[in-house]
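Chains as they are written, first to last, in our numbering: chain A, 1 to 306; chain B, 1 to 306.
Calculated directly from the structure, the hints in this document are not laboratory data.
Beta carbons are placed, not taken as given, at the ideal position from N, Cα and C, and that holds for glycine.
Heads up, some of the hints might be wrong.
No farther apart than 25 Å at their CA atoms in a straight line, the calculated lysine to any residue pairs in the SDA-like style are these [as the list claims (entries may be wrong)]:
1. A:Lys48 x B:Asp277
2. B:Lys242 x A:Ala108
3. B:Lys246 x A:Leu111
4. B:Lys246 x A:Leu115
5. B:Lys161 x B:Pro204
6. B:Lys105 x A:Tyr275
7. A:Lys48 x B:Ala273
8. A:Lys105 x B:Asn101
9. A:Lys121 x B:His50
10. A:Lys278 x A:Ile19
11. A:Lys105 x B:Leu104
12. B:Lys246 x A:Lys278
13. A:Lys246 x B:Arg110
14. B:Lys242 x A:Leu81
15. B:Lys246 x A:Thr109
16. A:Lys48 x B:Tyr275
17. A:Lys105 x B:Asn225
18. B:Lys259 x B:Ser133
19. B:Lys242 x A:Leu104
20. B:Lys121 x A:Phe137
21. A:Lys48 x B:Ser276
22. A:Lys48 x B:His50
23. A:Lys246 x B:Thr17
24. A:Lys140 x B:Leu111
25. A:Lys31 x A:Lys48
26. A:Lys105 x B:Ser107
27. B:Lys242 x A:Lys31
28. A:Lys242 x B:Tyr82
29. B:Lys105 x A:Ala119
30. B:Lys105 x A:Leu81
31. B:Lys54 x A:Tyr275
32. B:Lys105 x A:Gln297
33. B:Lys246 x A:Leu100
So the derived label-pair ranges between C-beta atoms look like this [claimed, not checked]:
34. A:Ala287 x B:Lys2: 53 to 63 Å
35. B:Phe3 x A:Thr17: 22 to 32 Å
36. B:Pro280 x A:Ala287: 26 to 36 Å
37. A:Thr17 x B:Gly181: 53 to 63 Å
Protein chains: 2
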Amino acid sequence: MKFFSVGILGNGSAVPTRIQNPTSQIVQYGKSRFMIDCGEGTQMQVLKYHFSYKNLNHIFISHLHGDHFFGLPGLISSFNLYARTEPLYIYGPPALENILNELLKVSATRLRYPLHFHALKGSETLYSTDQFSVLSFPLKHSIPTWGFLFKEKPENSRRLKKSFVESYSPGIEEMHKIKNGSDYIAADGTCLPNEDITIPPHKPRSYAYCSDTSFNPEIVTEIKNVSVLYHEATFMNDAEDKAAEKLHSTAAQAATIAKMANAGELLLGHFSARYSDKIPLLEEAKAIFPNSLLTEQGTVYRVDEY
Amino acid sequence: MKFFSVGILGNGSAVPTRIQNPTSQIVQYGKSRFMIDCGEGTQMQVLKYHFSYKNLNHIFISHLHGDHFFGLPGLISSFNLYARTEPLYIYGPPALENILNELLKVSATRLRYPLHFHALKGSETLYSTDQFSVLSFPLKHSIPTWGFLFKEKPENSRRLKKSFVESYSPGIEEMHKIKNGSDYIAADGTCLPNEDITIPPHKPRSYAYCSDTSFNPEIVTEIKNVSVLYHEATFMNDAEDKAAEKLHSTAAQAATIAKMANAGELLLGHFSARYSDKIPLLEEAKAIFPNSLLTEQGTVYRVDEY
Numbered sequence: 001m002k003f004f005s006v007g008i009l010g011n012g013s014a015v016p017t018r019i020q021n022p023t024s025q026i027v028q029y030g031k032s033r034f035m036i037d038c039g040e041g042t043q044m045q046v047l048k049y050h051f052s053y054k055n056l057n058h059i060f061i062s063h064l065h066g067d068h069f070f071g072l073p074g075l076i077s078s079f080n081l082y083a084r085t086e087p088l089y090i091y092g093p094p095a096l097e098n099i100l101n102e103l104l105k106v107s108a109t110r111l112r113y114p115l116h117f118h119a120l121k122g123s124e125t126l127y128s129t130d131q132f133s134v135l136s137f138p139l140k141h142s143i144p145t146w147g148f149l150f151k152e153k154p155e156n157s158r159r160l161k162k163s164f165v166e167s168y169s170p171g172i173e174e175m176h177k178i179k180n181g182s183d184y185i186a187a188d189g190t191c192l193p194n195e196d197i198t199i200p201p202h203k204p205r206s207y208a209y210c211s212d213t214s215f216n217p218e219i220v221t222e223i224k225n226v227s228v229l230y231h232e233a234t235f236m237n238d239a240e241d242k243a244a245e246k247l248h249s250t251a252a253q254a255a256t257i258a259k260m261a262n263a264g265e266l267l268l269g270h271f272s273a274r275y276s277d278k279i280p281l282l283e284e285a286k287a288i289f290p291n292s293l294l295t296e297q298g299t300v301y302r303v304d305e306y
Numbered sequence: 001m002k003f004f005s006v007g008i009l010g011n012g013s014a015v016p017t018r019i020q021n022p023t024s025q026i027v028q029y030g031k032s033r034f035m036i037d038c039g040e041g042t043q044m045q046v047l048k049y050h051f052s053y054k055n056l057n058h059i060f061i062s063h064l065h066g067d068h069f070f071g072l073p074g075l076i077s078s079f080n081l082y083a084r085t086e087p088l089y090i091y092g093p094p095a096l097e098n099i100l101n102e103l104l105k106v107s108a109t110r111l112r113y114p115l116h117f118h119a120l121k122g123s124e125t126l127y128s129t130d131q132f133s134v135l136s137f138p139l140k141h142s143i144p145t146w147g148f149l150f151k152e153k154p155e156n157s158r159r160l161k162k163s164f165v166e167s168y169s170p171g172i173e174e175m176h177k178i179k180n181g182s183d184y185i186a187a188d189g190t191c192l193p194n195e196d197i198t199i200p201p202h203k204p205r206s207y208a209y210c211s212d213t214s215f216n217p218e219i220v221t222e223i224k225n226v227s228v229l230y231h232e233a234t235f236m237n238d239a240e241d242k243a244a245e246k247l248h249s250t251a252a253q254a255a256t257i258a259k260m261a262n263a264g265e266l267l268l269g270h271f272s273a274r275y276s277d278k279i280p281l282l283e284e285a286k287a288i289f290p291n292s293l294l295t296e297q298g299t300v301y302r303v304d305e306y
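With these hints in hand, go ahead and build the complete structure from the sequences.
Listed below in structure tokens is the structure:
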């Protein structure tokens with residue numbers, strides 16, 4: 001199975017604190033890296049936590065509140081100074097393209113690498129390979145906002161049992177056939193049925209990013225059965241009115257969405273600066289969805305099979 | 001004498017490192033604070049080093065390279081979230097106004113405090129009170145760039161000698177007259193000449209900020225006799241060609257300007273990420289201008305009388 005993870009660079013909300021930076025994450029699948037959001041100071045967080053930009057060619061910006069993209073112009077500029085040559089693909093709300101062009105213009109920056117901008121619309125597939133894809137879907141916030149779903153494609157072929165391979169040493173062509181459902185005829189003519197010598201393919205893993213968003217059960221269809229869900233939990237339930245007013249969510253609401261979506265694990269983040277102790281947020285979520293975690297900056301979470 | 005200082009929030013150049021943030025400084029004069037430049041992450045540096053925004057109503061942006069202003073949109077936004085009501089005055093290159101307006105628009109931010117923008121032009125007085133003023137002057141860089149001079153106004157009146165006040169306890173009106181040059185007639189009719197009972201006024205102090213700039217002796221007239229000069233020293237003299245190409249300065253060139261301007265003290269900054277050890281830069285500067293210092297992030301430097 002390929003390595004699949006999400007690393008947290010910032011888990012705070014709009015106002016930074018000494019321990020909370022604005023939002024940014026790096027998703028890794030195999031050797032590829034993808035950035036989600038790029039709040040102010042993301043570059044410094046990458047340095048601080050020894051994260052890497054290697055094979056990071058796609059950046060997804062959820063919406064144009066500053067705490068989700070004010071670090072992007074600096075990162076684009078630093079990539080230039082690092083002598084980047086690989087193309088960079090940025091997916092974001094339509095107005096972002098003009099802003100980036102304007103900032104490049106006033107700073108007289110001539111990029112030495114190609115920058116491709118894709119304006120987000122409704123729900124669509126943004127990126128796709130044989131094994132992996134990234135999809136966008138709308139969230140409900142005070143300005144147009146998108147969530148992102150990173151998902152492995154289902155394996156078509158079954159996997160060979162290790163014990164069978166060790167005992168019979170089948171050839172490459174034979175192994176290929178067995179993976180696709182054939183039985184195996186041993187040297188003595190015995191037929192080994194496919195189901196005895198193979199196991200089913202891995203269940204495809206997925207990671208969904210939902211921030212910023214009000215409590216919105218409509219997104220459940222987009223993220224049904226997701227392995228790991230990152231859902232904003234800006235407030236606790238005692239500030240439910242404030243959450244509704246600001247189109248944010250509470251920890252309990254995040255957990256409710258995780259439960260409705262039948263998620264494997266819930267990662268909580270986008271914490272308001274008001275909570276110096278976040279254990280109560282975790283307890284509030286766990287009461288509804290036990291497999292909840294508080295994200296920590298600098299920590300990498302594996303996206304496991306559930 | 002009023003407290004007069006400059007605090008360093010970032011002393012690095014374009015590419016941030018683990019120990020160098022992009023440029024920002026806070027000048028304090030009495031109770032007033034002034035920010036110069038606002039590179040990405042300035043807010044986090046203010047938090048980290050326990051600097052204050054109290055009475056910080058004026059921000060001066062030297063030029064539109066990202067490492068000098070990419071932190072400004074976030075700061076403007078945080079001031080709003082901190083429920084600021086005092087007006088904020090921003091002085092910067094003309095194109096900055098449109099960028100800030102555009103960022104406020106796309107993020108649907110309605111500021112709750114008045115934001116006044118002043119477009120920099122040639123040399124001019126930007127701010128002036130009875131005691132203090134801030135002036136701009138052009139620097140020579142790859143895009144339009146300004147330097148700033150913060151200066152105390154000369155005191156018109158002489159200061160009373162402590163020994164005279166203690167011995168004769170003059171009245172308030174008498175003290176006022178003596179400060180303006182009168183002699184003092186004691187109770188026994190003796191005349192004490194003004195020069196015996198007063199000392200000359202303080203020499204006015206000043207602070208000049210010159211970053212980013214190529215080596216440019218033309219600025220010497222603008223900063224002549226400055227008490228403390230901050231001058232960029234992106235490179236060392238062995239990279240003089242690179243400095244010239246990028247319109248930056250070397251440590252030796254910064255020291256030459258300090259010497260030509262008859263400055264009291266030279267603060268070096270805007271260091272290239274290539275120098276992990278900065279002592280050689282200091283030595284290069286000291287060989288030309290002995291009263292040179294390497295700036296440290298989080299440190300506050302007093303602007304003394306020289």
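*In ascending order, which of the hints set out earlier in this document are inconsistent with the structure?*
6, 9, 12, 17, 20, 23, 27, 30, 32 and 36
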